[in-house]
Amino acid sequence: MIEKLEQYNAVLEKVIKELQNQSGPGKLHENSLLLVMGDHGQTLNGDHGGGSPEEVETSIFAMSFKDLPSLPSEFDSSSCEPSKNICISSIPQLDFAVTVSSLLGVPFPFGSIGRVNPELYALAVCTWNLDDDKTWNNQDQTKLEEWLQNYANVLCINSWQVKRYIDVYSASSVIGFSSEDLFRISDLYSKADENWSYTKNLSSYKNGSSNTSLPVLKRQIVAYSNFLSYVAELARSKWTEFNLKMMGTGIGIMLLSLYCHTLAIKKLNKSYGVSLLSSRDSGISFGLMLTFFMVLIRAGSLLSNSYILKEGKAANFLLATTGIMTLRYSFMKNKMLIEAAIFLLLTFIFRIAIEVGLYKQAATSQFMSSSSSWMLGISISQSLWTYMAEIMPILALIVLGYFLYKSIYSCCWGIPKYVIMGTILCYFLVALHWISESNILDLAHFLKGFGKNCIPRTVYAITLVQLSLLAIVPMFCKEETSNCRGSLFVKMMSILSACSSTIIILQGKQGALVALGSLLAGYCMMRLQGVEQHTVSGTAGISILDPLPVLQWSLLAVCLLFASGHWCAFDGLRYGAAFVGFDEFILIPQAILLTIDTFGFSNILSVFGLPLFVAFPSSFNQTEHKSLFPIKLFWIFMVYGLITAITAAATILCVTIQRRHLMVWGLFAPKFVFDVVGLILTDLLIFVASIYYFNGLEDRIGNAELRRLW
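Note that my numbering gives residue 74 to position 74 of the sequence shown, counting from 1, and the numbers run on in steps of one.
Hint data in this document are derived by calculation from the structure and do not stem from the laboratory.
Keep in mind the model is a prediction, meaning the values are calculated, not measured.
Careful, some of the hints might be misleading.
Said to hold, decoys possible - Below, computed lysine to aspartate or glutamate pairings styled on EDC-like, alpha-carbon distance capped at 20 angstroms: (1) Lys313 - Asp76; (2) Lys66 - Asp76; (3) Lys191 - Glu233.
Unchecked claim - Simulated restraints, written as ranges between beta carbons of each label pair: (4) Phe293 - Ser438: 30 to 40 angstroms; (5) Glu241 - Phe183: 16 to 26 angstroms; (6) Tyr8 - Glu57: 11 to 21 angstroms; (7) Phe403 - Leu467: 17 to 27 angstroms; (8) Phe242 - Lys27: 48 to 58 angstroms; (9) Gly38 - Val673: 48 to 58 angstroms; (10) Tyr307 - Ile352: 15 to 25 angstroms; (11) Ile680 - Val56: 28 to 38 angstroms; (12) Phe61 - Ser306: 56 to 66 angstroms; (13) Lys17 - Ser73: 31 to 41 angstroms; (14) Ile16 - Glu54: 22 to 32 angstroms; (15) Ser468 - Glu241: 46 to 56 angstroms; (16) Tyr405 - Ile472: 23 to 33 angstroms.
Even glycine gets a Cβ: it sits at the ideal position worked out from N, Cα and C.
Can you build the whole structure from these sequences, using the hints too?
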């Protein structure tokens, strides 16, 4: 740092030397003023985004190349060293914009409420003398009076602009200022404006005495300064102060809800003999400890703006860490090695996808509007890669359709069978939609027009019909099967397939790849759940539940959000997705489509996919009784909701702590909004999913058992 400061100091010396050589009468820089400023400071540790004085305050260096007459002591708050021709003072950052505007002769910014700084203004127009003991002559008195007159004129315009802004703000703002504050502002401005008429009349007399005009001009400047200072202090108290009581109340309510949530899970474990302990030594399982530390690390990372920017990478790192631990236990037991290796490979692939998403994040909004997916945003010069970028998403759709086709003939019946067949039809339509938009294939013009709007709307209509069937038919038709796992799997495949087609067509061509990757990752998690636990021998009625797969599923949901080209900022919304199938703007349909696109993979499919860990038995625990299935499913919903709530609570706490941070509105506030909306959506989806999955279980397990669970 010292080397860099010395380097720029040498550059500054060269600039000053050149300006001094050209600052003589009639030369190029006769009237030049040099300003060198920083945008922020930093602490001794290098931090530069917080709210401490070392970070918020910065330096400004101003240098004039003329001899400077005197500045009245009433307006001079600097400490000077005449021998070195140096003065040290301070200027509020609020005053910088209007001061520079006055020096450049341009209009003041409409939204600024600062005051033209007298010292910097005097330095620019050469009316500042470093020698306080100098005896003033008549020429100096005339120049001082002229400067005071000019400065009073500048403050008059400055005050008029601030009063105009306050009036417009008060008329348009919902909250605004109180009537007492507005009356005080108007009173101060009226008094200053009335005095200004008298001051201008007095200054118009050429033969007026300086002893008379100087005090009047000073009083006028003080009147305008009082008005501007009052407005600045009032605005600072209204706009930069936070209601800490309300913020504390909100944090307290959130922490209380977490406490109640934890008690509910603990009561569930106690009532139904569910254990989080290791079955071998009755100690706390490694999966529980790892889950606790991973959630803690993720919550703590939200204090840093850098980790919020790289949240997808951080979640992927934590997911890969859990994958390495499961790989270790797979080696120890010599089981599920292929699944553990595939899971780690998928985390690496998601890491690349997140990196591509961050590349899009660094691009402009024109990039986002011109490309419906991050795949098409990559500059590809070779034709082979161009064809692969067009063909791979269609191949992914074919693979997804094949999985659904196999599920139809293996365990699907009744309405779910027709729902899945509808999804396969939607996949075909989505592929046709992508082909119609392809620049590689020269299709007929009627197909291009048909594929732009008609195909997406057809997919939306089929999805609505599918969801309606899944919601209405079970109310009137009861399933005649005692296979709880099979029924749960069929329900899960039905709802996921019904939602997936709309999400994929909104996501663009990367949607099919992300969906296929999430399917494979979920399969590996399902196969690897319980790998850390040991088999219980001779223990009846005890179910060992591991929260680690639920944590992995939660981290995967975060990775899917970033891998699909989103991030937690308002410019991270893919607004083009709201117009897939529409040319005109209609508020409600566009809002629904944008919500589905943003939270489709990370919330909707993630919540409805949680029964994956119940529908398939763990390879390390095949002896669970069917009465434990709804308990385990309910427990998984509760734990997933708790992890999401902890993350949202950590975000709320971090935003409160960093409320003075430089990036509070650019990063922390949008992250707060996204996490709160995500938490509300997750809770609603868990509620809907619970109704959907638990409907009909009373016939297979027993009404009394299910009522006890609820």
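### Query
Can you give the numbers of the hints that this structure goes against, from lowest to highest?
Numbers 1, 4, 9 and 12 - these are the hints that the structure violates, sorted from lowest upward.
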